[in-house]
Every structure is written in C-alpha cells, then in structure tokens.
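> With chain A fixed as given, assemble chain B onto it according to the hints.
As they're listed, the protein sequences go chains A and B. Offset between the first sequence (1-based) and my numbering: plus 46. Offset between the second sequence (1-based) and my numbering: plus 2.
No wet-lab data here; the hints were simulated from the structure. In this text, all values refer to a predicted model and were calculated from it rather than measured experimentally. A virtual CB, placed ideally from N, CA and C, is assigned to each residue, including glycine. Careful, some of the hints might be misleading.
To be verified - Below, computed lysine-lysine pairings styled on DSS-like, alpha-carbon distance capped at 25 Å:
(1) B:Lys59 x A:Lys131
(2) B:Lys343 x B:Lys74
(3) B:Lys124 x A:Lys205
(4) B:Lys99 x B:Lys74
(5) B:Lys154 x B:Lys126
(6) B:Lys59 x B:Lys74
Unchecked claim - Now the stretches of chain A that chain B is said to cover, found in silico as 3 or more residues with beta-carbon under 8 Å:
(7) 92-103
(8) 158-171
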Amino acid sequence: MKVGVVAIGSIEQRWSDAVERHIRAVFGFSTERLPPLDRVEFALDERRAQYSSSLILRELATLGPPAVSRVVGITECDIFIPMLKFVFGQAQLGGQIAVISLARLRQEFYGLPSDAELLDLRMKKVLVHELGHTFGLTHCTDRTCVMVLSTNLDQLDAKLDAFCGSCLGLIREHLGNVDHE
Amino acid sequence: MKSQWAILVVDDEDIMRDSMAAWLREDGYTVHTASTGREALELARKRDFALYFVDLKMPGGIDGIQTMVELKKLYPDPAVVIVTAYATVDTAIMAMKQGAYEYIVKPCNPEEISLLVERVIKVKNLQRENLLLKKKLTRKYSFQDIISKNQKMQEIFQLVREVSSLRSTVLIQGESGTGKELIARAIHFSGDRADKPFVCVSCAALAETLLESELFGHEKGSFTGAIGRKKGKFELAHEGTIFLDEIGDISSKLQMDLLRVIQERTFFRVGGSEEIQVDTRVIAATNKDLQKAVADGTFRDDLYYRLNVINIQIPPLRERREDIPLLARNFVEQISHEVGKEVEDISEGALKILLDHDWPGNVRELENAVERAIVTTKTRVLLEEAFSFLVNGKKEKKGFDIPAGMSLEDLEREAITVTMQRTEGNVKEAASILGIDRSTLYDKIKKYNLAR
Chain A
47 MKVGVVAIGS
57 IEQRWSDAVE
67 RHIRAVFGFS
77 TERLPPLDRV
87 EFALDERRAQ
97 YSSSLILREL
107 ATLGPPAVSR
117 VVGITECDIF
127 IPMLKFVFGQ
137 AQLGGQIAVI
147 SLARLRQEFY
157 GLPSDAELLD
167 LRMKKVLVHE
177 LGHTFGLTHC
187 TDRTCVMVLS
197 TNLDQLDAKL
207 DAFCGSCLGL
217 IREHLGNVDH
227 E
Chain B
3 MKSQWAILVV
13 DDEDIMRDSM
23 AAWLREDGYT
33 VHTASTGREA
43 LELARKRDFA
53 LYFVDLKMPG
63 GIDGIQTMVE
73 LKKLYPDPAV
83 VIVTAYATVD
93 TAIMAMKQGA
103 YEYIVKPCNP
113 EEISLLVERV
123 IKVKNLQREN
133 LLLKKKLTRK
143 YSFQDIISKN
153 QKMQEIFQLV
163 REVSSLRSTV
173 LIQGESGTGK
183 ELIARAIHFS
193 GDRADKPFVC
203 VSCAALAETL
213 LESELFGHEK
223 GSFTGAIGRK
233 KGKFELAHEG
243 TIFLDEIGDI
253 SSKLQMDLLR
263 VIQERTFFRV
273 GGSEEIQVDT
283 RVIAATNKDL
293 QKAVADGTFR
303 DDLYYRLNVI
313 NIQIPPLRER
323 REDIPLLARN
333 FVEQISHEVG
343 KEVEDISEGA
353 LKILLDHDWP
363 GNVRELENAV
373 ERAIVTTKTR
383 VLLEEAFSFL
393 VNGKKEKKGF
403 DIPAGMSLED
413 LEREAITVTM
423 QRTEGNVKEA
433 ASILGIDRST
443 LYDKIKKYNL
453 AR
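Chain B extracted, bound-state conformation:
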C-alpha cells in the first residue's frame, strides 16, 4: 500500500506545489504540502515523511538547503530531494554535500520523478522491514521481560527454566541495576507457583524491628503502634515466592530468624506464641560479596549456604555490551508509549554513544538514560544530541583522573588552583566550594605560593 507512505512537497508557488501534490496523489501516496521551510519543519516535527520535495529558492528566510539541514537535525537520514528551476553546478554540489538525496531540475520527465519516488519508497520499505526484524529479534532474545543475547545470560535463562518449579532457595548476585528482581520474577512466573503470590521485600529499606514485623507479621500490642494483628510477608507469600532483596544488609538477629524459616518452614509473629507454618520459596538477592561477608564474620555461613543452593551471577551491562542496542530499542518502544511521545527509534550515532558508555548503574541506568533522552528530545528518532549528558558526564569525570605518584599535597594544590580559576579569584566563593574557612584558604594559598 503506497498510501502508508507520506510525501511532503515544499514550495512557495501554489500551482507548482498543488499540481505536484495532485500528481503524486494519483500515484497513491499520501501527500502533504508546505509553502515555506518553516511550515515544512513544523509538519516534519509531527511526523516523518518518506520523501521531501523541497524547492531550493523560497522566501521567508529559510531556503531549501537550510530546510534540509534542519530536517537532518530531526531525523538521521531524511530523503530530501532538492528541486530547482535554476540549475547551477554550485548549488547542485552544495545540495549534495549537505546530504540531499537527489537534486532535480524542474521541469523534469514524469518518468524520472516516478522512478525516483519508487526508488526512495523501496529503500523506506527495506528500512521498515529492518526495524520490524530488529523488533522480532528483541522478542527472540527476551525471556519473561528480560532481554539478552549474551551467552552468560542465555545460560541464566536456561537455569531459570530448570529451577523454576523447584522449591530450592536461589541466591541472585549482581551489581545494582542488573535486573536481579526481574530474574527472581522470571523464576516465579515461569514455574508452577506462577499463579500464587510473588512478594518482594527490600531488606535495606527498613529498620531492623520494622523489617522483622514486615517479614513475620506481629500480634496486636506486640510493640507501640501495633494496633492489630498483621500478617507478615512470609505468610502473604504462602505457596508462592518471597523475594528478599539486599539480603546482605540484614542484622545478625534477622539472619538467625531467616535461617529458621528456611530450615523449619515455621516462624512466630512478633509478640506471638503461635507457630506459623508456611510453604514459601525464598529467592534472595544482593549486590554485596556475601562470601567475603561470611569470611569477615558479618554474615552467617549457615544462612549463606542455605541461601546459596542455586546461585545466579548476573553479569554487569559492560560485560554484555551486545545487549545494549536490543535493550535500548526495547526501552524506546516501551517508554515512548508510557510517556506518550512518538519516538520510534534510536540512530546509529546515538547507539555508538551508548555502546561506549560504561554503565556503572547497569540496565537501570540505561533505562533512565533512554527515558531522559525521550523526554527531552524533539525528534522522532533519538539522535546523538539526546545523549549528550552521557558524553559530558564522561568528560567531567576525566577531570578527576589522578596521575600516578601524585601526593595529597599536590592534589590539594590542584583543587585550590582549579577552584580559584573557576571563581575568577573570588576567595570567599572558592572557600565555600572547597568547604573550608576563608582564613584556611588564605593560609593554603600562601603555603602553596599560588597566584590569586
């Protein structure tokens, strides 16, 4: 269907614009028109066109070439055909240099236009097909909301499938943002407990006493504020799964209580005397090195071994960079829908920035970066500029590189020099930035013999 492809004809002459649009409409295309470059850009901001016929000479401050340059800021590769009645070699070269798809002199043979349009649409069809295949690929590599084609991750997916219907405890380890909870959910929802509750508890979010009551529930009056009996998460997760996130942060008392639940499958509510029996699968996760915590004596070894029956180590994103394009495209699709912005894809240049980034915050950081780019972009395809914050951040970080052999005094001298330069010699401001008294700063300037 040709009508799915829209063409924009930009010309200040009514008859030229309308007759060209009518001619293309007869060919089955959806055709829009604009009488100025500005109007064309306004229309292009709302939607991408398969092809732009732009007249070279237009009044109103923005000619055909400028219109094309602006279009290129909106879309990575717009098919712009520059149309002119006054052909010169210079303008042709300029148009092609600035990235025109084609440069045609009017009037031209109907056949020429017809072939040109056909050629562009063929390319557009291939591009669309490519995008669909990429989406298909994302689906191929996705497992219960987790997307990866990385070998290690594929092995994890396999392990998840194998253990999902067992009752064995699982310990998931990985840096922040690697998707530990998603793996826990995948285990739960692909196993035979899928229709039973999946209950999440972040162990680091609550104080010890609150966490205890949160996990095991409490009886009325067991502590100040316990105005009624409350079921704990273990009870709520009966026959289902409880996911204990950040398990490395719990106190030694709670470690003991947990060990008991895992071993005996029974516990007491806080302030209660009735033994509660549960059939709850435990999945724990941490970004800490639990083995080291055991060696340091801060984590019970018996609990560690109970938790670590099945161990899953999620690699950080920087060790599975091949997933970045898949994940980024998936986030674009998901987030643009959520925030109600019509962003369709991500350019190759932008992907390169993402591939070069180290992602200390892993997949979560990537998701946040894509969201930030979508929210701030004015284009339908995320271009390099949309991720400039990643590049700038990197540059700033580079400033903190410390050469080998630098002493603390050298570092202090450097910090003071740079701050004084930034404040243009304003000692009061520099002292405030450095977090020291003005008099201390004066002393240091004197000590290091720095120019003010």
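Next comes chain A alone, as it looks inside the complex:
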C-alpha cells in the first residue's frame, strides 16, 4: 500500500517529511510526495478566517487512487467544519482521504513557547488517528488508544501514539482483506 502526501499552503518541508516518516514507521506503508496544493483560497471562509476541511478533502479526492491508495494532506491552515469551531484533522471514514492541521497543535497558538518535539508527537497522533478512520476505525473507548476522540489538547496529549490491541486487530483485518482483494 502506498500513501500520497500533499503539502497544503505554506508549510515547512520538514513536516511533510515527518508525515512520511511516521506513516512508514507506524503502518509500514510506502509513501509518495504528491505535488503541493499551494493555493488554498478556495477553502477560505473569510468571516471565520479559517479553512473548510470538507472543501480541502474534496480537492484532495481528485489526487487519489489509482496512483496511491490513500492521500494525506498536511497544512498550517486552521481548519474547521461548519458545526465546530475547529478540527485537528478530518478524514473520510472508510475512505481514502485525510487532512491534518498543525495550527492548533502548536504551543504558540495558545501563547506558549514553541515546542517542536511536542508538535511532532501531536501531529503523529492526529495523523495516525485520521488514517485510522480511513481504515474504517471509529473512536475507541480505550483512553490510551490513538483512536480515542480528543476534542482538546489535554486529551490529545494524554493518549498514546499507537493503536490499542483491538484497533490494531481491526486494521490488520482490514489490510488483510485489501491484500486478499
């Protein structure tokens, strides 16, 4: 399985590299850097000064299979769905597309000194979580599992960056079915 990675808007390359690294380490998939999506104005909601994650997902969907099995977008833009003030990331449940945002994972967003290591760990958790959704996983009830719902940073920081046993089993089952197909 190959996962395509897309840099959305202005973002340092090291974060796209980190995404690829984490995907390879956690899932063992190969990765491919897809052309960046430089212009994201199409997703901007001027009133909210935020970007619609749903519109970004729609755009990413056009880059999907057959070239790669999954597409993950990474952005510095603060993303949202209309109902909610923000989301850390969004994915198609059982689909192929996911997007994650660094904006609210940064300490600086909350007026705190930056912490690159913490940001990397948070980004990894959101990335694994959203990719987990593309494999059909819903939120887990195990508070330490990466698939537990985290609606704030305290919850995000409290969970591990790995799947619990049962979520791992479901991922393997899903991948087994994919291989079989």
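Chain B in isolation, oriented as in the chain A frame:
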C-alpha cells in the same frame, strides 16, 4: 455499541449537514441526514432517532422549530437539539419552550457536541434498559399467557397450579372479557392432562338440539341432516378437558344430561343406545350469577354444586387497575407484531387514559382498544390521541346522566329538545331519529310547548 443509536442531522446546507454527519460517524454512530424539515419527518416516521440535530433556519415552509413540534407529535419525548448560527435570546427561549432538548450556537466546541451526544445517549440507554425491565416484569407477572400482578389474580394462579392435576370440576365466574377461557386453558395446560385435548364449547352459540349433538355426538339418521355418526365434544375431550363456556345459558334438559355425564362419566350419543364412557375433566364458565339462577329455579342446584367444586372468581379489570400498564404493553408488543406495524411502546399520557377508563368489556375491551390504536396510529409510540375514542366515548356517555328526580315526561321533553336542536328544527329527521311518527312528534312539541 454506539452504532445501534441513530442520529438525524437536518440542515439545508450540504456541507454543514455532511460534515456534521461525517464527524458523528467517526464517533461510531449511525447517522442519517435530511435537507428539509419535511424530509426529516418522513425519515422519523419510519424510525425513531436517538438524537435530532435540527437547524433553526430552513427554507421550504417548515423551519427547525416546526420540525421539532411535528416530531413531538410522532414521539413523546424526542431529543431535539436546535442548531443556529444566529443566536438570539428570543429564539433560544422559543426553542426551549417548545421542548427542545438543547439549543446550540454553531460553531461550537467539539467537546461541547461530544458531551451533549454522550449525555443524550446515556439517557436513551437508560430508557431502553427501563423498557427491557418493564418487559421482564411482564414476564414475571405472567402465568400461562395471563398477566397480572394483582393479589387476587396471583391467588387464582396459585389455585390453578394446585388444582391443575386434579380431576375436580371447576366453575369459573367473571364478567365478559375477564379471561375465563384463558384460566381454563391455564388449568389444562399446567396439569398432567396438558398433552391431551382441550375442547371448547360455547353453550350460548348453539340451539338446544344442536348443542346436544355437539356435546354428545349423534348416530347416523338420528335427526334430519345427521348423515353419519359423529363424535361429540365429550368424546373428543377424552382424557383431556372440556371447557363449557356460558354454562348459565343451557336448557333444563341439557342441565340434566350434563349432570349425568359429570356424575356417571357416561352418556349416550343422540339417537344412540350404546353407553359411552369418558374420562373428561369439566371446566365450566359463566358471566351470570348462577347462585341467583339456582334461587330463581332456572338452574339445577345439583348441577350447580357438581360444577362448583372448585370456584374461581375473576375480578373485573376495573378492580385490578394496576394490571392495565402491564397488559397494555403486552398487547402493544403482541398486536404490533401480528399486524406488522412497528409500534414499540405506549406513552405515559396514553396510559393515563387507559387507567382512567372503566373497561366494562374488561381485558378483551382493552385488547381491542390497543389494537384499534395500533391500526390507526402513525407514530411508533402510542400517544394520547391514539386513544381519543375512549375519551370521546366517555363524554358522549356523560350526556346520558339522568339527574335524580327526573320524571319520564321530563326525559321525553329533553330527548325531543336535544334532537330538534341537532336536526336544526327538521321535524321529519327528528321524528325518524326518535323513532316516532311525524304527527306524534308534532303533538309532543305542542304538549311540551317546545320552540321549533
């Protein structure tokens, strides 16, 4: 499992609706969407949702509040969350007044939504658990298809258990619809004759000669139409039980024949000379006061004493009102399955109507009322409206209350006045309703000096 709970998201904006649905699906819920209030109501008619997220402002004639009001007509307590982007105190108050579960302003914190959904699902889980416990309770209070937690009925169940394996005759007394046949069946099927026949005969349904042949059978040619030999119910019930319903209605000749069978355990088929011997347990039932019939001389006292070895008096439903909710819920479950309608429960308001009713027709009337409600309802929970026929019937009946000291003439004057009012002074129609000639009605109008 969260997926057993379905949520409906109602919003006219595609992106709002779909992203919210996707977000909730990630949480493991089954989510349906509707783009208008009408579409939402159509979906809700098919199934109840644990939670409804309804946008306040929607085009198409039916906004969020109206959608909620209509939902409340379908279900007694739908968890409707009104969602709005334009929060005003007025709309919030209006939404809450109309019974919204919650009023939220979008965009809101993911945590807020998450906690809200969790809270509603917790309540829904408790409600479901409550329903299951109620069903369990029904099972606890049921004995061979009869449901009751009433003390007298529990004593009857105990008596039934004690006498079920005896051969003694049982007389069951109770008003129409109290379940006399069910008790008879319970006696038969909980005793050691359970695998033998249980034969029912309604003594009031047949003319005397036919009943005689029905009970004892006949020989070929014994009467016109007897084209072959036929076994009677007593023979068919050999080693089992015969249930003689409405025993108070049989003729004196049959009373004698019955006495003989019960005493001797033998009888002759109609037109036959061969003595037939049977081992049949007799259970008789009546809604008449047999003791009074004995005193009046219309029922043989020796037969009465033979039948009344074990006496069971079933109380009318109005004397065991505590059973009404249990019975009603049981009928809802049973009848909705039979008629193929997905009706799941009965609301507290509807139960109150049932509890207030007098049930002259007893459990059978209650069963019929629930069936009528199920057939006519458009909701998955029977609401008060489904039983409006009971309330209306009561009101009409009240019209017949006769004040003490009213003479027959007063009554006649009243009947004519009311009928004339109803027909708006049409004498021909009024006479037809009252069942008298037009000229007679004119005379009475004159007599009572009534205005036309």
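> Hint by hint, note whether the structure agrees.
Status of the hints after comparison with the structure:
1. Straight-line distance between C-alpha atoms of lysine 59 of chain B and lysine 131 of chain A comes to about 20 Å, which keeps the hinted pair within the 25 Å bound.
2. Proposed proximity of lysine 343 of chain B and lysine 74 of chain B is supported: the alpha carbons are some 20 Å apart, at most 25 Å.
3. Among the hinted pairs, lysine 124 of chain B with lysine 205 of chain A is consistent with the structure: their alpha-carbon atoms are about 24 Å apart, no more than 25 Å.
4. Our distance criterion of 25 Å between C-alpha atoms is met by lysine 99 of chain B and lysine 74 of chain B, whose separation comes to about 13 Å.
5. Restraint check: the Cα-Cα separation between lysine 154 of chain B and lysine 126 of chain B comes to about 36 Å, which exceeds 25 Å; the hinted pair is violated.
6. Restraint check for lysine 59 of chain B and lysine 74 of chain B: the C-alpha separation of about 18 Å stays at or below 25 Å, so the hint holds.
7. Coverage of the region 92-103 of chain A by chain B holds. Counting CB-CB distances below 8 Å, 5 residues qualify, and the rule asks for three or more.
8. Only residues whose beta carbon comes within less than 8 Å of a beta carbon in chain B count, and the region 158-171 of chain A has 0; fewer than three means the coverage is violated.
In terms of the numbered hints stated before, the structure departs from hints 5 and 8, listed from lowest to highest.
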